[in-house]
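Chains as they are written, first to last, in my numbering: chain A, 1 to 98; chain B, 1 to 174.
One or more of the hints may lead you astray.
Claimed, not checked - With the Cβ distance kept under 8 angstroms, some of the chain A side facing chain B (calculated, not the full set): (1) Pro30; (2) Leu72; (3) Ala82; (4) Ile84.
To be verified - EDC-like, lysine to aspartate or glutamate: derived pairs with alpha carbons at most 16 angstroms apart: (5) Lys18/A / Asp123/B; (6) Lys12/B / Glu27/A; (7) Lys147/B / Asp123/B.
For the record, the hints were derived by calculation from the structure and aren't laboratory data. Since this is a predicted model, take the numbers as computed values, not measurements. All C-beta atoms in this analysis are idealised placements derived from N, C-alpha and C, irrespective of residue type, glycine included.
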Amino acid sequence: MSSNPIDKNKMHMEDFLKPLESIKQVEASPYLFTRIQQRIQNKLDNRVPMKLVYSIAASFVILLSINAFTMLQQNHSKNKEANIAQAFQLIPDNNLYK
Amino acid sequence: MKFEEIYKQFSKLVFNLALQYVQNTEDAEEITQDVFLTVHQSLKLFQQNSEIQTWIYRIAINKSLDFIKAKNRKKRFAFITSLFHDDGNELKNLGHNFNHPGILLEQKEALESLFQHINALPDNQKTALILSKLEQKSQKEVAEIMKLSTKAVESLLQRAKTNLAKKINPSEGK
């Protein structure tokens, strides 16, 4: 037998933990697998199809591109009008008395 | 490996491991469901770098610890709400209900008190103790499951035992 107090403490602790070894393994409920399958099915049912996600994303991209294109076109035509007005020395607005 | 085969092979292991963490059949069943849901989702992503059993052990440990944290959070929230609304039912339902089917009736009291001390340990010490003492895993296996070195596991177990000794007999730990 060891007389070292640390070893004694260790042995005492091991004795104290010994009842843990008596715990028996038990079987899970036979219905558990059915419940898991149900939860998997629910998850699959609630999942948004990727096709729908991609098509929504694509329509957003198209909408944004049309917007950007229209804005650029508008800018371009404004510049064009200004250039023509300058070339023909036209008054670009309706204010006659400046 | 098919999901059903995995369930047949490992459901007992997962359920019993969850029981060691929560000591309650209903909670352990809920954890088991969560574990197999994750296994089903991640089966395609599972890389054969580690054994499937080690992988399932890791998922079960994480799910058990997450479940305990969530339950404690709910308890705190229910306590705060009970201060404003006089409805103690929710708080009662969230209380710890010791109901471990693997424990013999004559040892229930002693083990309930021991588990109370084990539950108060930090997560990694608790996991090391459960794996080595309740799951009868070697230090090498515990190290592999916990992704630690054998030395680190040895030190965790030592600290767990010291902390338990302090909790059980406060004069002994000094």
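| field | Pro30/A as chain B interface residue, shortest Cβ-Cβ below 8 angstroms | value | Since chain B brings no Cβ nearer than about 10 angstroms to Pro30/A, farther than 8 angstroms, the hint is violated.
| Holds or violated: are the alpha carbons of Lys147/B and Asp123/B at most 16 angstroms from each other? | holds, 14 angstroms
| said: Restraint: Ile84/A near chain B, CB-CB cut 8 angstroms. Satisfied or not? | reply: At about 63 angstroms, which exceeds the 8 angstroms cut-off, the nearest Cβ of chain B leaves the hint on Ile84/A violated.
| task | So, Ala82/A near chain B? Judge it on the closest CB pair being under 8 angstroms. | result | violated, 59 angstroms
| field | Status of the Leu72/A interface restraint (C-beta, 8 angstroms, chain B) | value | violated, 44 angstroms
| query | Are the Cα atoms of Lys18/A and Asp123/B separated by 16 angstroms or less? | reply | violated, 21 angstroms
| task | Assess, step by step, whether the Cα of Lys12/B is no farther than 16 angstroms from the Cα of Glu27/A, and give holds or violated. | result | holds, 6 angstroms
Violation of the numbered hints given earlier is confined to hints 1, 2, 3, 4, 5; the remaining hints are satisfied by the structure.
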